[in-house]
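Make the full structure from the sequences, and use the hints.
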Amino acid sequence: DTAVSQTPKYLVTQMGNDKSIKCEQNLGHDTMYWYKQDSKKFLKIMFSYNNKELIINETVPNRFSPKSPDKAHLNLHINSLELGDSAVYFCASSQDWGSTDTQYFGPGTRLTVL
Amino acid sequence: ELKVEQNPLFLSMQEGKNYTIYCNYSTTSDRLYWYRQDPGKSLESLFVLLSNGAVKQEGRLMASLDTKARLSTLHITAAVHDLSATYFCAVGFGNEKLTFGTGTRLTIIP
Numbered sequence: 259d260t261a262v263s264q265t266p267k268y269l270v271t272q273m274g275n276d277k278s279i280k281c282e283q284n285l286g287h288d289t290m291y292w293y294k295q296d297s298k299k300f301l302k303i304m305f306s307y308n309n310k311e312l313i314i315n316e317t318v319p320n321r322f323s324p325k326s327p328d329k330a331h332l333n334l335h336i337n338s339l340e341l342g343d344s345a346v347y348f349c350a351s352s353q354d355w356g357s358t359d360t361q362y363f364g365p366g367t368r369l370t371v372l
Numbered sequence: 059e060l061k062v063e064q065n066p067l068f069l070s071m072q073e074g075k076n077y078t079i080y081c082n083y084s085t086t087s088d089r090l091y092w093y094r095q096d097p098g099k100s101l102e103s104l105f106v107l108l109s110n111g112a113v114k115q116e117g118r119l120m121a122s123l124d125t126k127a128r129l130s131t132l133h134i135t136a137a138v139h140d141l142s143a144t145y146f147c148a149v150g151f152g153n154e155k156l157t158f159g160t161g162t163r164l165t166i167i168p
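From first to last, the protein sequence lines are chains A and B. Its first residue numbered 259, the first sequence is counted upward by one per residue in the working numbering. Its first residue numbered 59, the second sequence is counted upward by one per residue in the working numbering.
A couple of the hints might just be wrong.
Covered by chain B, per the in silico footprint, the following chain A stretches (three or more residues, Cβ under 8 angstroms) [what the hints assert, rightly or not]:
1) 299–306
2) 360–371
Far from chain A, some chain B residues (derived; all Cβ distances over 12 angstroms) [unchecked claim]:
3) Asn76
4) Tyr77
5) Thr78
6) Gly117
7) Ala127
8) His133
9) Thr135
10) Ile167
16 angstroms max Cα-Cα, derived EDC-like pairs, lysine to aspartate or glutamate [unchecked claim]:
11) A:Lys302 <-> B:Glu63
12) A:Lys298 <-> B:Asp96
13) A:Lys302 <-> B:Glu154
By construction, these hints were calculated from the structure, which means they are not laboratory data. Every residue, glycine too, gets a C-beta built ideally from N, C-alpha and C.
Right, dumping it as structure tokens:
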């Protein structure tokens, strides 16, 4: 069984469109994250939710809006897509916020904006 | 703000050789992680290091932590091709977010 899953795996779209990425974890974890990995492989956190509550909101354009309908799901909606949004987006989860437990990563969603 | 630096950024080594990847961080930390990422794949957890002097080993990889020097090392022994990947360290403290290093792209040449 996949621990952290994301859909879609690939997303190709035009500038200006709105798109969503979905994430689900079946590990029973309380905390979920969105990371962005750019073309140089640099990995940076965007958002984190703990028990459906937003606890980290990094300096991210407000075109990006996360939503956590329940502890097992964290979705990312992006409005008015720009070329610079092209990247791989990873969802991750951990036992709880501040825990020393490792974070478990999803397979990633490769977003290409044309 | 916590800064995490890895070196080298790129490493090409022959099979059978030993080498070390270094991870330096700038402020107090209470946990350090090593992850592996294969091309086009997700990140896989390798080690969690929680205290000064901690050493963890799995196969040909060994990780250690020196919190006083703010340094972790990932040592590769007798490298094999299967170890080719990008390796990341990530550092955290308390309720702060994890900060990832720049990654080290390791290529093992037969």
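What hint numbers does the structure not satisfy? Of the numbered hints given earlier, the structure breaks none, since each of them holds.
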